[in-house]
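If you read the sequences in order, they're chains A and B. Residue numbering for the first sequence follows the working numbering, starting at 1 and increasing by one per position. Residue numbering for the second sequence follows the working numbering, starting at 172 and increasing by one per position.
Wrong hints could be hidden among the right ones.
Unchecked claim - Simulated restraints on C-beta separations:
| hint | chain 1 | residue 1 | chain 2 | residue 2 | range |
| --- | --- | --- | --- | --- | --- |
| 1 | A | 155 | B | 203 | 22 to 28 angstroms |
| 2 | B | 224 | A | 89 | 46 to 52 angstroms |
| 3 | B | 340 | A | 11 | 17 to 23 angstroms |
| 4 | B | 342 | A | 52 | 42 to 48 angstroms |
| 5 | A | 64 | B | 204 | 49 to 55 angstroms |
Worth flagging that the hints you see were computed from the coordinates, not collected in a lab. We put the beta carbon where it would ideally sit given N, CA and C, even for glycine.
Protein chains: 2
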Amino acid sequence: RAATDDPGDDELYPTENFNMITKGVYRSAFPKKKNFSFLKKLGLRSILTLILEDYPDQNQKFMEENSIQLFQFGVAGNKEPFVDIPEETICAALTVLLDRRNHPILIHCNKGKHRTGCLVGCLRKLQHWSHTSIFDEYRRFSHPKSRSMDQQFIELFDVSRVTFDEDWLPD
Amino acid sequence: RAATDDPGDDELYPTENFNMITKGVYRSAFPKKKNFSFLKKLGLRSILTLILEDYPDQNQKFMEENSIQLFQFGVAGNKEPFVDIPEETICAALTVLLDRRNHPILIHCNKGKHRTGCLVGCLRKLQHWSHTSIFDEYRRFSHPKSRSMDQQFIELFDVSRVTFDEDWLPD
Chain A
1 RAATDDPGDD
11 ELYPTENFNM
21 ITKGVYRSAF
31 PKKKNFSFLK
41 KLGLRSILTL
51 ILEDYPDQNQ
61 KFMEENSIQL
71 FQFGVAGNKE
81 PFVDIPEETI
91 CAALTVLLDR
101 RNHPILIHCN
111 KGKHRTGCLV
121 GCLRKLQHWS
131 HTSIFDEYRR
141 FSHPKSRSMD
151 QQFIELFDVS
161 RVTFDEDWLP
171 D
Chain B
172 RAATDDPGDD
182 ELYPTENFNM
192 ITKGVYRSAF
202 PKKKNFSFLK
212 KLGLRSILTL
222 ILEDYPDQNQ
232 KFMEENSIQL
242 FQFGVAGNKE
252 PFVDIPEETI
262 CAALTVLLDR
272 RNHPILIHCN
282 KGKHRTGCLV
292 GCLRKLQHWS
302 HTSIFDEYRR
312 FSHPKSRSMD
322 QQFIELFDVS
332 RVTFDEDWLP
342 D
């Protein structure tokens, strides 16, 4: 049912920096309790987190209650000049994103800016987006803290290293 | 088929300020010729334009070739302090957006910032988004030219005036 067809509904609080990337793939900042009713409406099958830390209890509980699977690909917050995004981790995360059995899926890190922005940028490369468009999108969500090292990471990322199962590719 | 499963594909040039709003609803700046191959991949059924001017020949041709229907709800570029967004036009545009027979649909104006931002903001109200999230999104796409009159229009917009056919509401 549409979110639009129930005027009695309470106000919804999307996660900060929320966005739909492509059908069945969302991005945002870290989900907090006040965002849960919004996230519930997305009917998520999985969450892909890029944080290193253990997932908080209330988030784990929310996921159990809604049968949401957690994929954790921990990446250290990439504060310049100590940027060191592990390419293998991004490859593994992309493999999860390219399997529609995991959709709808929400990607998040802490702010939904840098680590998430790098992963989304690499996904866009797989979709053959021009670098101009990829960087525009990266900056739109990392503003006002865009990092050129992140954009360089995206530019240098070798999409041919990403493995996926042809049978389960998203439409 | 997935945009990702054809590594031989040429680079794609999404329209400026392109974004997926919700399943089957996209937004962007005015589509130019170099964007056509990208737009083709979206499998659009319709385009909703908020510009007043006649649609250029090359765009009309692209639409004919791809059986895309045009909905034109002309609104004058809302430059402050002469903002006068006609509420009835926004209502009519929303009725089109709330009918999934028109999906996938692309909303655009000139820059995809102000007129498009107002329409998307009103759509978010129908989805019960909090004003914080609506304005965050509005500003993300209108940056660095956000207009407070646009945000006020969204805040004052009365969603109960929008009519739609229950049977064709999007999921």
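Against the structure, the hints come out as follows:
no. : hint                              : in the structure
1   : A/155 x B/203: 22 to 28 angstroms : holds, 24 angstroms
2   : B/224 x A/89: 46 to 52 angstroms  : holds, 48 angstroms
3   : B/340 x A/11: 17 to 23 angstroms  : holds, 20 angstroms
4   : B/342 x A/52: 42 to 48 angstroms  : violated, 35 angstroms
5   : A/64 x B/204: 49 to 55 angstroms  : holds, 51 angstroms
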